Amino acid sequence: MSFQAGVKPFLYKMKNQQLDITNEHCPMTFVKTKLALEQLDAGARLEVLLVEGEPLENVPKSATQQGYRVLEIKNISEKIYKITIEK
Amino acid sequence: MKKLSIICFSGDFDKTVAVLTMATGAAAVNYEVNLFFTFWGLNIIKSKKGRRFTGKGSLAKCFNFLQGGFENLPMSRLNFLGASPRMMTRLMQKRNVATCRELFKATIDLKVKLYACEMSMNILGTKKEDFIPEVKEVIGVPTFLELSSGGETLFI
Numbered sequence: 001m002s003f004q005a006g007v008k009p010f011l012y013k014m015k016n017q018q019l020d021i022t023n024e025h026c027p028m029t030f031v032k033t034k035l036a037l038e039q040l041d042a043g044a045r046l047e048v049l050l051v052e053g054e055p056l057e058n059v060p061k062s063a064t065q066q067g068y069r070v071l072e073i074k075n076i077s078e079k080i081y082k083i084t085i086e087k
Numbered sequence: 088m089k090k091l092s093i094i095c096f097s098g099d100f101d102k103t104v105a106v107l108t109m110a111t112g113a114a115a116v117n118y119e120v121n122l123f124f125t126f127w128g129l130n131i132i133k134s135k136k137g138r139r140f141t142g143k144g145s146l147a148k149c150f151n152f153l154q155g156g157f158e159n160l161p162m163s164r165l166n167f168l169g170a171s172p173r174m175m176t177r178l179m180q181k182r183n184v185a186t187c188r189e190l191f192k193a194t195i196d197l198k199v200k201l202y203a204c205e206m207s208m209n210i211l212g213t214k215k216e217d218f219i220p221e222v223k224e225v226i227g228v229p230t231f232l233e234l235s236s237g238g239e240t241l242f243i
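First to last, the sequence lines map onto chains A and B. Residue 1 is where the first sequence starts when you use the numbering used here, and the numbers rise one by one after that. Residue 88 is where the second sequence starts when you use the numbering used here, and the numbers rise one by one after that.
Watch out, some of these pointers could steer you wrong.
[Stated by the list, open to error] Derived lysine-lysine pairs resembling BS3-like cross-links, with alpha carbons at most 30 Å apart:
id, chain 1, residue 1, chain 2, residue 2
1, B, K148, B, K223
2, B, K136, B, K89
3, B, K200, A, K61
4, B, K90, B, K198
5, B, K214, B, K200
6, B, K198, B, K136
7, A, K82, B, K181
8, A, K61, B, K148
9, A, K79, B, K181
10, A, K79, B, K215
11, B, K192, B, K89
12, B, K214, A, K15
13, B, K143, A, K61
14, B, K89, B, K135
15, B, K148, B, K200
16, B, K148, A, K15
17, B, K192, B, K90
18, B, K90, B, K223
19, B, K143, B, K214
20, A, K32, A, K82
21, B, K223, A, K32
22, B, K192, B, K223
23, B, K143, B, K181
24, A, K82, B, K223
25, A, K32, A, K87
26, A, K32, B, K143
27, B, K192, A, K61
28, B, K214, A, K32
29, B, K102, A, K61
30, B, K89, A, K87
31, A, K32, B, K192
32, A, K32, B, K148
33, A, K87, B, K102
34, B, K143, B, K90
35, A, K82, B, K102
36, B, K198, A, K61
37, B, K181, B, K198
38, B, K148, B, K90
39, A, K87, B, K143
Please keep in mind that the hints were generated in silico from the structure rather than gathered at the bench. Keep in mind it's a predicted model, so treat the numbers as computed, not measured.
Build the full structure now, drawing on both the sequences and the hints.
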């Protein structure tokens, strides 16, 4: 099935994204999250994989402070969490 | 909007890592960030890689050649003739910590505002064209004070 002209770019922009920052440290945890969120269209979601401790405490907090909605924080394995942020 | 302004004076590798860590961290949590590069700090934002005889006049050319641009920032302690920053970069990569170059790229991606000091440029005989295009403006003290007013200011 092919998309009609004008529909595809809209769907493409709304596509949700995933970001793994489990191996990152401050400040790249926030930096990569912010840059990924900036590329999303309004309404799209970003799923971020991160470790407990400083990233888990501060990534959701800074996203909220910047006006994004943190929809879910889920523990998916030992020390690793998935947070879902909506732009 | 909260604001952080940093006077980047030293041009040392380790202090530049500190500047860029603070700048990217602050920009990522929505601070307005201004970096004012002055004196040795101008070496960080040179556009040409490696040791170049840039600048006006033989003495200025020598100073710019010896500084050697972003790739040759010296460590403030235990520099070991330039071996130390390279070893530290390898250690940073091994420990999954952003390197100086990665932090600088993030600084540009986050649209941190970069400014060059007019007075230092005059001493070292450099022009705006000798710096990377992301350098927004060449400014003096009054403009920097105006830009930084109402926020935090650091001297590194």
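Hints and how they fare:
1. B:K148 / B:K223: Roughly 24 Å separates the two Cα atoms, so the pair holds.
2. B:K136 / B:K89: With Cα atoms ~34 Å apart, K136 of chain B and K89 of chain B exceed 30 Å; violated.
3. B:K200 / A:K61: Given that 30 Å is the threshold and the Cα spacing comes to 25 Å, the pair holds.
4. B:K90 / B:K198: holds (14 Å)
5. B:K214 / B:K200: holds (18 Å)
6. B:K198 / B:K136: It holds: about 22 Å lies between the C-alpha atoms, which stays within 30 Å.
7. A:K82 / B:K181: holds (25 Å)
8. A:K61 / B:K148: violated (48 Å)
9. A:K79 / B:K181: Holds, at about 21 Å.
10. A:K79 / B:K215: Roughly 48 Å between the alpha carbons, so the hint for K79 of chain A and K215 of chain B is violated.
11. B:K192 / B:K89: holds (22 Å)
12. B:K214 / A:K15: This hinted pair is violated, its Cα atoms lying about 45 Å apart.
13. B:K143 / A:K61: violated (49 Å)
14. B:K89 / B:K135: violated (33 Å)
15. B:K148 / B:K200: Holds, at about 27 Å.
16. B:K148 / A:K15: violated (52 Å)
17. B:K192 / B:K90: holds (20 Å)
18. B:K90 / B:K223: With Cα atoms ~17 Å apart, K90 of chain B and K223 of chain B stay inside 30 Å; holds.
19. B:K143 / B:K214: holds (9 Å)
20. A:K32 / A:K82: Cα-Cα ~15 Å, so holds.
21. B:K223 / A:K32: Cα-Cα ~24 Å, so holds.
22. B:K192 / B:K223: With Cα atoms ~16 Å apart, K192 of chain B and K223 of chain B stay inside 30 Å; holds.
23. B:K143 / B:K181: Between K143 of chain B and K181 of chain B the Cα gap is close to 41 Å, so the pair fails against 30 Å, i.e. violated.
24. A:K82 / B:K223: Status violated; Cα separation ~38 Å.
25. A:K32 / A:K87: Holds. K32 of chain A to K87 of chain A sits at ~15 Å (cutoff 30 Å).
26. A:K32 / B:K143: violated (40 Å)
27. B:K192 / A:K61: Holds, at roughly 24 Å.
28. B:K214 / A:K32: Not satisfied, since the Cα-Cα distance of roughly 33 Å exceeds 30 Å.
29. B:K102 / A:K61: holds (28 Å)
30. B:K89 / A:K87: Holds, at about 21 Å.
31. A:K32 / B:K192: holds (12 Å)
32. A:K32 / B:K148: Answer violated: K32 of chain A to K148 of chain B is near 39 Å, above 30 Å.
33. A:K87 / B:K102: violated (35 Å)
34. B:K143 / B:K90: With Cα atoms ~35 Å apart, K143 of chain B and K90 of chain B exceed 30 Å; violated.
35. A:K82 / B:K102: violated (34 Å)
36. B:K198 / A:K61: The hint holds at about 22 Å.
37. B:K181 / B:K198: holds (28 Å)
38. B:K148 / B:K90: Roughly 36 Å between the alpha carbons, so the hint for K148 of chain B and K90 of chain B is violated.
39. A:K87 / B:K143: violated (50 Å)
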